[in-house]
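Chemist: So you can see what is in the structure, the chains are spelled out below.
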Amino acid sequence: MSAATGELKRAAGTSPGFACDRQGTRSDDERVAQAMRGFVEDFGRKAALYLESCIHCGMCAESCHFYEVTGDPKYTPVWKLEPLKQAYKREYGPFAPIFRLLNLKRAVSADQLAEWQHLLYDSCTMCGRCSLMCPMGIDIAGLISDARHGMARAGLVPAELREAADRGAAPADFKDRIGRLAAEHRIDIPLDKAKADVLCTISATEIEKYPASIVATAKIMQRLGADWTFRSDGYQANNFGLLAGDAQKQKEASMKLIDAAVACGAKSLILPECGHAYGALRWMGANIYGKPLPFQVLHISEFLAENVRSGKLRLKRLDKSATFHDPCQSSRRGGVIEAPREVLAALGVELKEMFPTRGTNWCCGGGGGVVDIRRADALRHKVFHLKMNQIDDTGAELPVTSCSDCRKTFDDGQTHYRWDKSMNSLLELVADNLAEA
Amino acid sequence: MDLLAFARGPGMHWAMIVFAAGILWRVIGVLLLRGRSELSEPRSASQWKGLRLIGLRSWPRKEFLGGTAFGEIMGYTFHIGFLVALFFYLPHILFFEDVAKTVIGVNFRRVFGFDWPYLPGGAIYFFSAVSVAALIAVLVHRIASPVKRMLSNFDDYFSWFVTIAPIATGMLAYSHFAAPYPMMLALHLLSVELLMVWFPFGKLMHAFWMFAARGIQGVEFERKGASL
Numbered sequence: 001m002s003a004a005t006g007e008l009k010r011a012a013g014t015s016p017g018f019a020c021d022r023q024g025t026r027s028d029d030e031r032v033a034q035a036m037r038g039f040v041e042d043f044g045r046k047a048a049l050y051l052e053s054c055i056h057c058g059m060c061a062e063s064c065h066f067y068e069v070t071g072d073p074k075y076t077p078v079w080k081l082e083p084l085k086q087a088y089k090r091e092y093g094p095f096a097p098i099f100r101l102l103n104l105k106r107a108v109s110a111d112q113l114a115e116w117q118h119l120l121y122d123s124c125t126m127c128g129r130c131s132l133m134c135p136m137g138i139d140i141a142g143l144i145s146d147a148r149h150g151m152a153r154a155g156l157v158p159a160e161l162r163e164a165a166d167r168g169a170a171p172a173d174f175k176d177r178i179g180r181l182a183a184e185h186r187i188d189i190p191l192d193k194a195k196a197d198v199l200c201t202i203s204a205t206e207i208e209k210y211p212a213s214i215v216a217t218a219k220i221m222q223r224l225g226a227d228w229t230f231r232s233d234g235y236q237a238n239n240f241g242l243l244a245g246d247a248q249k250q251k252e253a254s255m256k257l258i259d260a261a262v263a264c265g266a267k268s269l270i271l272p273e274c275g276h277a278y279g280a281l282r283w284m285g286a287n288i289y290g291k292p293l294p295f296q297v298l299h300i301s302e303f304l305a306e307n308v309r310s311g312k313l314r315l316k317r318l319d320k321s322a323t324f325h326d327p328c329q330s331s332r333r334g335g336v337i338e339a340p341r342e343v344l345a346a347l348g349v350e351l352k353e354m355f356p357t358r359g360t361n362w363c364c365g366g367g368g369g370v371v372d373i374r375r376a377d378a379l380r381h382k383v384f385h386l387k388m389n390q391i392d393d394t395g396a397e398l399p400v401t402s403c404s405d406c407r408k409t410f411d412d413g414q415t416h417y418r419w420d421k422s423m424n425s426l427l428e429l430v431a432d433n434l435a436e437a
Numbered sequence: 438m439d440l441l442a443f444a445r446g447p448g449m450h451w452a453m454i455v456f457a458a459g460i461l462w463r464v465i466g467v468l469l470l471r472g473r474s475e476l477s478e479p480r481s482a483s484q485w486k487g488l489r490l491i492g493l494r495s496w497p498r499k500e501f502l503g504g505t506a507f508g509e510i511m512g513y514t515f516h517i518g519f520l521v522a523l524f525f526y527l528p529h530i531l532f533f534e535d536v537a538k539t540v541i542g543v544n545f546r547r548v549f550g551f552d553w554p555y556l557p558g559g560a561i562y563f564f565s566a567v568s569v570a571a572l573i574a575v576l577v578h579r580i581a582s583p584v585k586r587m588l589s590n591f592d593d594y595f596s597w598f599v600t601i602a603p604i605a606t607g608m609l610a611y612s613h614f615a616a617p618y619p620m621m622l623a624l625h626l627l628s629v630e631l632l633m634v635w636f637p638f639g640k641l642m643h644a645f646w647m648f649a650a651r652g653i654q655g656v657e658f659e660r661k662g663a664s665l
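Chains as they are written, first to last, in our numbering: chain E, 1 to 437; chain U, 438 to 665.
Just chain E, with the same shape it has in the complex (with noise of 0.2 Å):
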């Protein structure tokens, strides 16, 4: 299905002005059971324990770049929880049958679920400031990923990303690309290699509109004389079933990788500039396999951080001033903090950090798929602004990011604003300046 035909299949839902998607010809009812069910095959001690803990003091919206720039209490981040919250407290929490009996929680119904999808999706982008700043300690966007699993199952996901979880990778295309990549620039591009060290991925923002991407990574390997290659049966790092709420989709997808690293018999998988495929790997993996993963999990920054620290890769100085933007699921809920600004220190750039950085930076607006979601581009637009002034009151000269979706995020907000600032991919930084050994 293409998303043109997934923009004919919208309708308006009860959210004005917002359309919800909807997949297959299923009654109303059968879609609030569904989704009831999926809730509920996420309701663990965990998630039980920070919906009882919501006191509803509406602190989380003053972290959220959507209601920071509308304003608007609808885009509160616990507000976008609230199916999730009726269908626990109404029919699996410990006083379910209170609840049902007062009424103290209505019944999730089939239009609120359509208006929730706007919320849910459009206006999310699961970047976890909200969960920093909840006084109860609650992890508000995790739940919004849990609550993503409930419309997923009941066919009430953005046509873009129920598309793009469907599609999956296409191997035979990025064998010919590939190749023609290495042709291109004369660079030698392992791919199926039987055995290998390194097993890289690419996400496929990155095959589709940042190819130079796969061309640095092939120039630092070969630089640093790793034993890598890339696998047709398990390049694509991205994970749109994540991003969907489909989890069966995440699962073959994160699966794909698992089995092409362990069929090389890599020691680590390099996962590419993308955020969430960071999370999905990295922090999800092992538990979709079942055990511990039999190899490393490294975002690309941290290999080159890695390998900076180590002495193995050196880099030409820049001279010049450059601001970071922390792409939300490798830095804030990654953990990935601390290795681009090294390998930036490595490059000799004078580091301008942005106000709120690090940890607390704003989020492009694009991440969660919400850069794939074209009815939600006049919404992002609005968050991106104020990413665009964050990064103007630093008055760096190079802003740089190892995210590639926050990086598309950035050409649309550049193109969108005409705004004089360009984003960098950190990687292709490196490449670009790669030191004699």
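Please keep in mind that the hints were generated in silico from the structure rather than gathered at the bench. Since the structure is predicted, the reported quantities are computational estimates derived from the model, not experimental observations. It is possible that part of the hints are untrue.
[Claimed, not checked] Calculated lysine to any residue pairs in the SDA-like style (CA-CA distance at most 25 Å, straight line): (1) E/Lys74 / U/Val464; (2) E/Lys74 / U/Asn590; (3) E/Lys352 / U/Trp553; (4) E/Lys291 / U/Trp553; (5) U/Lys538 / U/Trp553; (6) E/Lys89 / U/Lys538; (7) E/Lys251 / U/Arg473; (8) U/Lys499 / E/Gln390; (9) E/Lys74 / U/Phe507; (10) E/Lys267 / U/Ser474.
We have chain E already, so just place chain U on it with the hints.
Modeler: Just chain U, lined up with the frame of chain E:
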């Protein structure tokens, strides 16, 4: 049996039973749900250091303070006023000591080696008044703020009511200002019992959940090296 005798006797006994049984039911109901073990290789071997989030999250990070200062300050004010009045007013202490002695056989002085300290009635009255003022401010803010108003439900308003009622009736009983003292004392005790009965069912349970939720988030995030 008059109202005061009921409030002191069966009313209090039943309220305590509902309070304890309700809390146990709710806590056990959550603890019995399945937990999931994390199989990913931790970044930090000392993930338990994440428990420091229980303390850290007691005050927002500087980046978040601007928009939340009013809620934080008012929240702390009414909690402190409430807890001081609850735990440092002599009649309350005598009540707690009596309950401890009769229910679990613990004598405070024998266990701790000193008497439970208390504040003069006037000081308690002051803390109570501050708490009431802060609670009213919190309610006005809840109604006036579009975000809080949207989030609010019966639990929020009823929990507010059962929190302010014991403080207000206690102040009225202490000052001998309104109804005759026995009547005000009975109303005070009944309002406390209402709070105890409601406690396990609504948001007041955050007194328990808060520490657990912060601890879980702290350990999970520390494990990843993520921001706390």
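Chemist: All hints, please: hold or fail.
Modeler: Hints and how they fare:
no.: 1; hint: E/Lys74 / U/Val464; in the structure: violated, 31 Å
no.: 2; hint: E/Lys74 / U/Asn590; in the structure: holds, 15 Å
no.: 3; hint: E/Lys352 / U/Trp553; in the structure: violated, 55 Å
no.: 4; hint: E/Lys291 / U/Trp553; in the structure: violated, 53 Å
no.: 5; hint: U/Lys538 / U/Trp553; in the structure: holds, 14 Å
no.: 6; hint: E/Lys89 / U/Lys538; in the structure: violated, 37 Å
no.: 7; hint: E/Lys251 / U/Arg473; in the structure: holds, 17 Å
no.: 8; hint: U/Lys499 / E/Gln390; in the structure: holds, 17 Å
no.: 9; hint: E/Lys74 / U/Phe507; in the structure: holds, 21 Å
no.: 10; hint: E/Lys267 / U/Ser474; in the structure: holds, 24 Å
Figure legend: structure checked against the earlier numbered hints; hints not met, in rising order: 1, 3, 4 and 6.
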